[in-house]
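Novice: Heads up: the sequence lines are chains G and B, in that order. Just so we're aligned, residue 1 is where the first sequence starts under the working numbering, counting upward by one. Just so we're aligned, residue 1 is where the second sequence starts under the working numbering, counting upward by one.
Watch out, some of these pointers could steer you wrong.
What the hints assert, rightly or not - DSS-like, lysine-lysine: derived pairs with alpha carbons at most 27 angstroms apart:
1) B:239 / B:64
2) G:53 / B:64
3) G:193 / G:37
4) B:187 / B:239
5) B:239 / B:110
6) B:64 / G:193
7) G:37 / B:269
8) G:193 / B:187
9) G:37 / B:187
What the hints assert, rightly or not - Residues from chain G that face chain B, not an exhaustive set, calculated with beta carbons under 10 angstroms:
10) 2
11) 70
12) 107
13) 108
14) 109
15) 111
16) 112
17) 115
18) 179
19) 215
20) 264
Calculated directly from the structure, the hints in this document are not laboratory data. Glycine residues also receive a C-beta, built at the ideal position from the N, C-alpha and C atoms.
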Amino acid sequence: MNNSIVSAAASLGALQQKLDVLADNIANVNTKGYKRKSTVFEDILTNLQPHDKTFELPGRRTPLGFTQGWGARVVGQQIDMTQGAMQQTDSDTDLAIAGNALFEVRSGGTLDSPRAFTRQGAFQLSPTGDGDRMLTTAEGYPVVASSGGADTFVRVPGNYELVVGADGSLTARSPDGNESVALGTLRLVQVNKPELLQAVADNLYGVPSDVNVQDVVANVAASPDQPGGVAIRQGFLEESNVSLGDEMADLVNVQRAYQLSARALSSGDQMSQMAANLRA
Amino acid sequence: MIRGLYTAAAGMIAEQRRHDTVTNNVANLNTPGYKGVNSVNRAFPEMLISLMGSPDDTKGTIGKLNTGVFAEESLINLGQGDLNETGRSQDLALVSDILVNGQAFDGSGKYVDANGNVSYQPQALFTVQNANGERRYTRDGGFRATADGMVVTSDGMRVLGTNGQPIRVEGSWDHVQVTADGRLINKETQQPLAGNPAFLLTEVSDPNQLVREGDGKYRYAGDANGLRQVQPGERVEIKQGYLERSNVDASQSMVDMMSALRAYEANQKMVQYYDRSLDRAVNDVGRI
Numbered sequence: 001m002n003n004s005i006v007s008a009a010a011s012l013g014a015l016q017q018k019l020d021v022l023a024d025n026i027a028n029v030n031t032k033g034y035k036r037k038s039t040v041f042e043d044i045l046t047n048l049q050p051h052d053k054t055f056e057l058p059g060r061r062t063p064l065g066f067t068q069g070w071g072a073r074v075v076g077q078q079i080d081m082t083q084g085a086m087q088q089t090d091s092d093t094d095l096a097i098a099g100n101a102l103f104e105v106r107s108g109g110t111l112d113s114p115r116a117f118t119r120q121g122a123f124q125l126s127p128t129g130d131g132d133r134m135l136t137t138a139e140g141y142p143v144v145a146s147s148g149g150a151d152t153f154v155r156v157p158g159n160y161e162l163v164v165g166a167d168g169s170l171t172a173r174s175p176d177g178n179e180s181v182a183l184g185t186l187r188l189v190q191v192n193k194p195e196l197l198q199a200v201a202d203n204l205y206g207v208p209s210d211v212n213v214q215d216v217v218a219n220v221a222a223s224p225d226q227p228g229g230v231a232i233r234q235g236f237l238e239e240s241n242v243s244l245g246d247e248m249a250d251l252v253n254v255q256r257a258y259q260l261s262a263r264a265l266s267s268g269d270q271m272s273q274m275a276a277n278l279r280a
Numbered sequence: 001m002i003r004g005l006y007t008a009a010a011g012m013i014a015e016q017r018r019h020d021t022v023t024n025n026v027a028n029l030n031t032p033g034y035k036g037v038n039s040v041n042r043a044f045p046e047m048l049i050s051l052m053g054s055p056d057d058t059k060g061t062i063g064k065l066n067t068g069v070f071a072e073e074s075l076i077n078l079g080q081g082d083l084n085e086t087g088r089s090q091d092l093a094l095v096s097d098i099l100v101n102g103q104a105f106d107g108s109g110k111y112v113d114a115n116g117n118v119s120y121q122p123q124a125l126f127t128v129q130n131a132n133g134e135r136r137y138t139r140d141g142g143f144r145a146t147a148d149g150m151v152v153t154s155d156g157m158r159v160l161g162t163n164g165q166p167i168r169v170e171g172s173w174d175h176v177q178v179t180a181d182g183r184l185i186n187k188e189t190q191q192p193l194a195g196n197p198a199f200l201l202t203e204v205s206d207p208n209q210l211v212r213e214g215d216g217k218y219r220y221a222g223d224a225n226g227l228r229q230v231q232p233g234e235r236v237e238i239k240q241g242y243l244e245r246s247n248v249d250a251s252q253s254m255v256d257m258m259s260a261l262r263a264y265e266a267n268q269k270m271v272q273y274y275d276r277s278l279d280r281a282v283n284d285v286g287r288i
């Protein structure tokens, strides 16, 4: 009956969701490789109250019928994949990507487990128990490389140090610098459809099970020589691409819109009260 | 007596509609491409009242009376919304300011000439296709790509190109540039993409013939002559990396909301006064 209350309540819910996403962004302003998310709004399906022919009166400008909207809703989230700033760390296992690409990891720890992707290059070398060390993310997901056309994990022997070229090539070098072992090339994927990537836990992105992974991402080789090409920087980390100023401006905007909708709700409530108190 | 009671009740309903419309506008302050709506009221048809039982019927006329009001139409304000930079290559904002000879339109796209005739500015919109293959129009240019490369609106309707077919882009959007007139070209080589795709921009000569369907889409209900493709040289421009914000004015909405609420209250009070008068008539007249 009281449409104002329904539309205002719907929009309060939608604004709350936007606020949640803003809070998520602000919380991750210092998370390496974090990509900001935004919410997409749409107005809710409108219904048309039909008018019969007698409503066709002189001076009327619109077709017959009276439309009624029901507020706004959130239709989805978008990941903004723009480049974050590079921060120098001088750590051998800190890698940053310049350009449109993601590192690939395996979420289950084995090569046949589901593929997942990340921009966060704060890797570490975890001991495997047999003297080697494996390149993993901070949470322990092994990083995927390709060696001779096959997917592998990166195993650095004993006390060797890891050297990563701008083209993603991986080499293990002995402490005296005389010996080096080629470990393949870092697997990089280019994101063709960022809207189909799904943010999962631990700063990883996955692809929903009903979507073909090949449609969303494609393997790409680093091309540091080309302008705008993908390049790997060892000893750097990519900062979050959240800009605190933009988020705060959005926050103020959402808060005021929330207040306004709350006013509309209470004003709709007052009208209901007046109708109820007609016969006081 | 009873006549006025119904008039006041009709006023309450009409103000309620106005309040609902304003609330919906406020709810869509953050919806890209949303266009504010005004509810327009109309008085019930006038009737002539005359004195009954008068010996001379010609002298018995009292005058004309309207016995109520109703929310007649929901008028869409298709004025341009502000542009908001997003930097996303699939976000397209339409800037439409189509000139018509001798008419200077105001911010809401209206022009009133010296004789009081009102005319409305033609508007350009993106053309999309719903699930049944029918054309719909939208100003919400926050598009995205599906897994097979189709360009769709945020709720999944396909966006049409100038050839009448849905637009499809192979691979990534990183290298796609949308020109001001809606063509899709390669950012580096400046060559058109395969198939020479371009967005179909439809110009609606009388925007009041657009019926809002929700989800940012409009249906065209006028005659087919009122639609045509935007011609080169017209003041219509696509801006890539921007979204058009909602054109709802928050402070104006607040004022409208309060005035609707108070007008509702005034009508409610009138009903109560009538009720009290009837109370007197029924219970007190003739009391001994």
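Novice: Look at each hint and say if it fits the structure.
Specialist: Quick rundown of the hints versus the structure:
1. B:239 / B:64: 55 angstroms, violated
2. G:53 / B:64: 25 angstroms, holds
3. G:193 / G:37: Within the cut-off at roughly 15 angstroms; holds.
4. B:187 / B:239: With Cα atoms ~14 angstroms apart, residue 187 (chain B) and residue 239 (chain B) stay inside 27 angstroms; holds.
5. B:239 / B:110: Holds, because 24 angstroms separates the two Cα atoms, which is no more than 27 angstroms.
6. B:64 / G:193: This hinted pair is violated, its Cα atoms lying about 66 angstroms apart.
7. G:37 / B:269: 50 angstroms, violated
8. G:193 / B:187: Roughly 18 angstroms between the alpha carbons, so the hint for residue 193 (chain G) and residue 187 (chain B) holds.
9. G:37 / B:187: With a Cα-Cα distance of about 25 angstroms, the restraint between residue 37 (chain G) and residue 187 (chain B) holds, given a limit of 27 angstroms.
10. 2: 8 angstroms, holds
11. 70: 7 angstroms, holds
12. 107: 21 angstroms, violated
13. 108: 24 angstroms, violated
14. 109: 28 angstroms, violated
15. 111: Not OK, violated: residue 111 (chain G) not within 10 angstroms of chain B, min 25 angstroms.
16. 112: Violated. Min distance 23 angstroms.
17. 115: Given a least distance of 16 angstroms, the restraint on residue 115 (chain G) is violated.
18. 179: Not OK, violated: residue 179 (chain G) not within 10 angstroms of chain B, min 40 angstroms.
19. 215: The hint holds - residue 215 (chain G) has a Cβ within 10 angstroms of chain B, the shortest such distance being about 4 angstroms.
20. 264: The hint holds - residue 264 (chain G) has a Cβ within 10 angstroms of chain B, the shortest such distance being about 4 angstroms.
Comparing the model with each earlier hint shows violations of hints 1, 6, 7, 12, 13, 14, 15, 16, 17, 18; every other hint is respected.
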